[in-house]
Amino acid sequence: MSRYIPMPAYPDIMPVDISFVFEEERPAGKRGFVHAVGEDLRFEDGTLARFWGVNFNGGACFPSKEYAPKVARRLAMAGVNLVRFHQLDAEWDTPNIFSFHKGKRVSTTRKLDPQSMDALDYLVSCLKEEGIYCYLDMNTYRHFKEGDGVDDYESLIDEGKPWNIVDPRMIELQKEYADQLWNHYNPYTKLLYKDDPVFALTEIVNEDDLFTPTFTKKVAFKPCLKQEAKFRTFFKEWLEKNGKEYDWEHCDIWTDQSETMIAFKMHLTEKFFQEMYDHMRNVIGVRIPITGTNWTHGSANVKCHRNMDFTDSHHYFYDWAWGNLERVCKHQPITATQKSIFPSLAKMKLVGKPFFVSEWDMPWPNSYRAEGPIYYAAVGALQNWSGFAIHTYAYGTRLDKMDILGREQSSPVAGVPYREGIFSVWNDPAKFGLFYHAALITRRCDIAPANQMIAVKAEDLTKTVCNPFEKGLEQHRLSTTYEDTIPEGYDELMHEKDQCPVENPSMFVADNGQMWRDLTRQIGAIDTDRTKVVYGSLSRGRRASVAKKEASGIALNGLTVEAVIDFGVIALSSLTNESLENSDNILLSAIGRARNDGAQFDGNKMLEIGHAPILAEVIEADIHLKTNLGDRLSVWGVNAEGYYAGKLETTYEDGVLSFHIGDQENPACYYLIVAE
1 MSRYIPMPAY PDIMPVDISF VFEEERPAGK RGFVHAVGED LRFEDGTLAR FWGVNFNGGA
61 CFPSKEYAPK VARRLAMAGV NLVRFHQLDA EWDTPNIFSF HKGKRVSTTR KLDPQSMDAL
121 DYLVSCLKEE GIYCYLDMNT YRHFKEGDGV DDYESLIDEG KPWNIVDPRM IELQKEYADQ
181 LWNHYNPYTK LLYKDDPVFA LTEIVNEDDL FTPTFTKKVA FKPCLKQEAK FRTFFKEWLE
241 KNGKEYDWEH CDIWTDQSET MIAFKMHLTE KFFQEMYDHM RNVIGVRIPI TGTNWTHGSA
301 NVKCHRNMDF TDSHHYFYDW AWGNLERVCK HQPITATQKS IFPSLAKMKL VGKPFFVSEW
361 DMPWPNSYRA EGPIYYAAVG ALQNWSGFAI HTYAYGTRLD KMDILGREQS SPVAGVPYRE
421 GIFSVWNDPA KFGLFYHAAL ITRRCDIAPA NQMIAVKAED LTKTVCNPFE KGLEQHRLST
481 TYEDTIPEGY DELMHEKDQC PVENPSMFVA DNGQMWRDLT RQIGAIDTDR TKVVYGSLSR
541 GRRASVAKKE ASGIALNGLT VEAVIDFGVI ALSSLTNESL ENSDNILLSA IGRARNDGAQ
601 FDGNKMLEIG HAPILAEVIE ADIHLKTNLG DRLSVWGVNA EGYYAGKLET TYEDGVLSFH
661 IGDQENPACY YLIVAE
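First residue of the sequence shown: 1, per the working numbering; consecutive thereafter.
Be a bit skeptical, because a hint or two may be false.
[What the hints assert, rightly or not] In silico DSS-like pairs for lysine-lysine, Cα to Cα no more than 25 Å straight-line:
no., residue 1, residue 2
1, Lys175, Lys194
2, Lys241, Lys271
3, Lys194, Lys236
Quick caveat, the hints were computed from the structure, so don't treat them as lab data. These numbers come from a predicted model, not from an experiment.
Based on the sequences and whatever the hints tell you, model everything.
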């Protein structure tokens, strides 16, 4: 029988504060600007730069001066060290960068609202003080107006895509916008944005390319006759210059997958990226790494990033149909998925370049979403990726009354129902509640990069996925190449149709031994000196061991977990530089399902979203931890407000500290194991 306890969230605190672990990283920028160095991001002093972050969407980027320091402090408490400012230019949000309030008519997007910029400036200064870096988006949801002088502006969708890659006028406006932002003076930091090392990364354009309609057969924009005419004229000129003949007047520019059409679209994309890059780097003076766009629809788009500083992509693990009235979510776990969930994401990782994931999520109300932060962080660390930013922390800043999951707005935003709060994680114990461990895994490199490095030769420019990524990402380090030779520093070259060997079809085991996933038992584990995690169907591990007449439980090096619950995550991380075996300060998190009180489902269909308080399922388990500190260690439960909920009984025998979590007296999601 499941038991749930209240686990409310507060916009200004976390139950546990791990910011002291990274105290030496404050303020952000103290180590100089971030640079791309080989396959790493590094600060000017040579220190490796790893980021565990969040997105702030739309109005969340422009908080009040009362709220800004509070949210910065809360993020630091959770271990977050990067915020991506996303959808700054979204007209449907309030505030946005062109208008702080709704009401006054805005006829041009060529002016930044001074009140919005003041709010953004102060937020940047607060984040900087807490050691939190910024990823500054450029063009994301800009909706061009009559005063902008753009052809077909009435028919353009947000961002002007995909014509903003083609149209010289929109390109000039994007340069102007970049000038306005990067040359903006922040009175609180007393620096221009381009001169402030708090800014770590930027991209030219968000989720925008010329290939998606061609390779996915989905055309999500309206006809724009003047823009299409420009495309065909440029196509004609390119054909003449390259001595090619083609029916440039009548071909279907979106369904045509010919070699000629793909080559032309790559030409336009690379020209656009390079023109914007040169302007940002050489004219404006932006010093941080710049990439083109951040998603993968076809290998042609990936190849266009060979001259960028780093690559970036987005990934979501969900299967739901979410409308205003019909709300359906298939509840599925990562631990039961037969292949890696990341093959299309990892395709964007190019040999010789750093890779960052600026959007990811395993959205509410998937009952198994607690696996998300752990699995993403673990695979990212194994692959030596530079970090993650979840989409999203929140869409707004009025969080003091937003006390349930899945709803932070009074109604859908811009008619999109998932913008009510499905992607918001700030109050979700099943996701944000595990950021402590994900941040430590990522920032502290608790999981080492895999030993073997494999370059995967991409050959079909229309394909998104290469076979080796499907089984290799939890074993070895993989990157995409377009060359026929083994890159320097790599061990092997595979082709996109090859299969990455797996010794045991039911197990994925990292070649450094620090993580594994068992498909039969549907459990996963991280097993390192400073962080150990078991996740998935925890009770299956116990039953399997008992059936074999072995010591019951899931056994790692120095840790055994005996759980009676069918799903959950139990994570232990040292909060010192010592291993768990020698640490005098350890955080244990035990989190599984979380829901609103009164939430109701009929299979995959949500009938009622529920009401406050947010509830977390109690994880009951016996913990056996090897430690050299003997009976000096005490175990305290910690409640949502950050109070000690009760002291647990412990025993110490043969170098192992044993205790039981989740009992009736002192149930909690967090436990501190500390030397008294």
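Holds or violated: Lys194 to Lys236, with C-alpha atoms at most 25 Å apart
violated (39 Å)
Restraint status (C-alpha distance of Lys241 to Lys271 at most 25 Å):
holds (15 Å)
25 Å Cα cutoff - pair Lys175, Lys194
The given pair, whose Cα atoms are some 14 Å apart, holds under the 25 Å limit.
Checked against the numbered hints given earlier, the structure breaks only hint 3 and satisfies all the rest.
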